[in-house]
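The listed protein sequences derive, respectively, from chains A and B.
Using the numbering used here, read the first sequence as starting at 1 and increasing by one per residue.
Using the numbering used here, read the second sequence as starting at 331 and increasing by one per residue.
Hints are computed from structural coordinates only; laboratory data are not their basis.
A portion of the hints provided could be inaccurate.
Reference listing, derived: stretches of chain A covered by chain B, where coverage requires no fewer than 3 residues with Cβ under 8 Å from a Cβ of chain B [as the list claims (entries may be wrong)]:
1. 82 to 90
2. 93 to 107
3. 145 to 158
4. 177 to 183
5. 261 to 270
6. 273 to 280
Here are the simulated lysine-lysine pairs, DSS-like style, with alpha carbons at most 25 Å apart [to be verified]:
7. A/K234 with A/K128
8. B/K459 with A/K128
9. A/K38 with B/K623
10. A/K234 with A/K293
11. B/K534 with A/K38
12. B/K534 with B/K430
13. B/K499 with B/K430
14. B/K534 with A/K293
Beta carbons are placed, not taken as given, at the ideal position from N, Cα and C, and that holds for glycine.
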Amino acid sequence: MATTTPARGAYTPPPGGTGAASNGRGTWRSRLWRFDDKASPYAYIAPFFLIFGAFGLYPLLYTGWIALHRVEMTSLDQSQWVGWDNFAKILQDSEFWTAVTNTFVIGVISTVPQLLVALGLAHLLNYKLRASTFWRTVILTPYATSVATAALVFALVFRADGGILNWVLHFFGAGNTDWGNGEWTSKIAISVIIIWRWTGYNALIYLAAMQAVPTDLYEAASIDGASRWQQFRKVTIPSLRPTILFTIVISTIGSMQLFGEPLLLQGGTLGSIGGSEHQYETLSIYLFNYGWKLGHLGPAAAVAWAMLVLLLLIALINWIVGRFMRKSAA
Amino acid sequence: MTTTSPTTTAPDLAPAPLPTAPGKGRGRFKMGAGQQLRGGPFTYVALVVVGLGSIFPLYWTLVAASHDQQRVLDTPPPLLPGGRLWSNLQAAWDQAHLGKAIVNSVIVAGCITVATLFFCTLAGYAFAKMRFRGRGVLMTAVIATLTIPPQLSVVPLFMMMSDIGWGGKLESVIFPTLVGAFGVFFMRQYLIEALPYELIEAAKVDGASNFRIVWSVVLPVARPAMMVLGMLTFVQAWNDFFWPFLALNQENPTIQVALGQLSASYTPDQSIVMAGALISTLPLLLVFVIFGKQIVGGIMAGAVKG
């Protein structure tokens with residue numbers, strides 16, 4: 001960076017020099033030059049912050065304001081102060097707590113298997129393979145599939161009567177399962193959609209991290225007589241720890257956003273209330289139902305803030321666990 | 331610069347994954363690759379199983395879209411494509427305004443992709459190669475925005491959009507996504523490695539203004555990464571569901587919104603829904619078949635953080 005200084009300095013004339021006319025022009029040019037140099041980086045990053053400010057940060061704060069008001073879908077320009085009523089309303093609603101539990105449960109049973117399988121898959125892809133790009137592309141195809149398409153196909157697969165999964169399972173002696181209406185089976189169905197869409201993507205992220213592990217670590221381990229499994233556990237996993245943490249964070253935030261899968265699993269009116277018994281209603285569905293189906297935007301905004309609080313809680317737990325893990329490792 | 335041949339761009343992306351060690355990046359990458367052992371038969375069996383699992387739902391979309399509903403829900407279900415594909419596609423096209431929806435999706439995803447490429451390259455360049463006060467803090471702020479789910483701001487966003495007259499219009503789904511944190515980060519990582527300071531210095535000595543440098547030095551160097559980012563952005567914009575579903579209505583949907591509404595109708599014909607799903611997925615699958623290698627490389631390059 002130091003090398004820029006002489007180039008720029010060349011345009012800076014001495015402050016009190018003679019020959020005012022030509023010097024004046026020099027100062028002007030130099031000022032323009034300096035301004036260009038100083039302002040350009042800010043100009044280049046400004047679009048991001050402007051867009052984020054207008055459509056991200058401002059609405060986020062505005063949500064807090066709406067959460068304290070009564071705003072109806074039918075008259076968006078009118079609002080009435082109600083204080084904490086909206087929060088009281090949702091916190092006393094058992095459906096809200098069902099949605100919190102469901103979001104959490106689906107988050108766990110979709111994230112844990114997904115990341116474990118992705119880890120194993122990345123390990124396999126890290127071998128020297130024939131047509132390695134082909135395999136990588138194949139496991140990534142679900143990523144190219146939209147949540148709507150994935151949810152609709154799996155809705156057919158998990159159908160109670162005439163679903164392809166029940167047909168396959170009957171060969172193993174299983175009776176007809178009503179996947180969508182069961183307390184657990186519906187959550188499993190939704191998790192399967194999530195796992196299907198994201199495992200390949202996470203596997204590629206792990207693979208990239210695995211390829212960055214220096215070879216000497218493995219050499220040292222094998223000199224010490226470590227088996228392949230021991231190498232995987234003692235060398236690969238610790239080296240991947242930051243990446244694993246990263247994918248856990250991303251998946252946690254992702255599960256907070258679960259919307260298309262539950263909305264379309266059974267479709268129709270059942271989708272927008274998360275099943276006949278709300279058995280797979282997530283927080284996003286609850287927010288959508290309150291704000292867009294029932295038309296009460298105040299409580300919907302309160303749900304959004306509740307989600308923010310939950311995210312911060314999860315981040316805190318994550319941080320504490322991470323600290324604890326680092327301490328126990330050291 | 332070879333712009334048309336995508337295969338030549340792949341090696342250029344290799345150094346990007348290791349942003350924190352600019353000098354050592356290439357070497358370490360190779361070392362990691364040297365560690366690879368040959369995969370045994372078990373590896374291939376496992377990959378075939380996972381591969382079939384990845385492909386089957388898409389294949390079954392095609393199967394279901396090519397029979398009538400009765401046959402699709404029969405036991406045993408059909409496992410081979412039938413002969414009704416064309417009529418189902420036509421029915422889906424007519425029922426859900428899919429023609430308009432596709433045009434809308436192309437407009438939305440196209441605008442978002444072009445804007446993302448331009449703005450993210452500019453910002454990525456500034457964060458990678460320019461010195462300015464607050465650079466570190468601002469970069470952290472950019473990354474931090476990744477952790478905010480869109481759910482937190484949709485209620486006021488909806489009100490704002492109807493307030494400024496964008497309610498139900500494509501602008502309401504285009505503008506909030508014009509530039510993304512991932513893209514900024516991605517371009518920064520790439521340019522840190524790929525753009526030598528000497529090039530910028532040389533242009534400065536020649537008296538080039540900062541924007542001139544961006545135009546004739548940064549953009550050509552950034553092109554391979556821009557191509558990958560463009561594809562990733564397009565895929566994401568095309569598939570986006572939550573906000574478009576809330577913001578747009580039946581008369582003016584994107585393809586994903588139309589698909590959601592097709593299935594939300596009271597007695598949806600499953601094979602027509604599947605035909606719609608097929609229409610919405612085919613363009614992306616095509617992109618994947620052609621540029622799969624670049625997309626895989628891009629995801630892996632964007633993945634590793636310092």
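Hints, verified against the model:
1. 82 to 90: With 0 residues close enough to chain B, the hint is violated.
2. 93 to 107: violated (count 0)
3. 145 to 158: holds (count 12)
4. 177 to 183: violated (count 0)
5. 261 to 270: As far as the stretch 261 to 270 of chain A goes, the hint holds, because 4 residues have Cβ atoms under 8 Å from chain B.
6. 273 to 280: violated (count 0)
7. A/K234 with A/K128: Satisfied, since the Cα-Cα distance of roughly 21 Å is no more than 25 Å.
8. B/K459 with A/K128: The hint is violated at about 36 Å.
9. A/K38 with B/K623: Since the Cα atoms of A/K38 and B/K623 sit roughly 39 Å apart, the hinted pair is violated (cutoff 25 Å).
10. A/K234 with A/K293: Violated, at about 52 Å.
11. B/K534 with A/K38: OK: B/K534 and A/K38 at ~14 Å, within 25 Å.
12. B/K534 with B/K430: violated (49 Å)
13. B/K499 with B/K430: Holds. B/K499 to B/K430 sits at ~13 Å (cutoff 25 Å).
14. B/K534 with A/K293: violated (58 Å)
Violation of the numbered hints given earlier is confined to hints 1, 2, 4, 6, 8, 9, 10, 12, 14; the remaining hints are satisfied by the structure.
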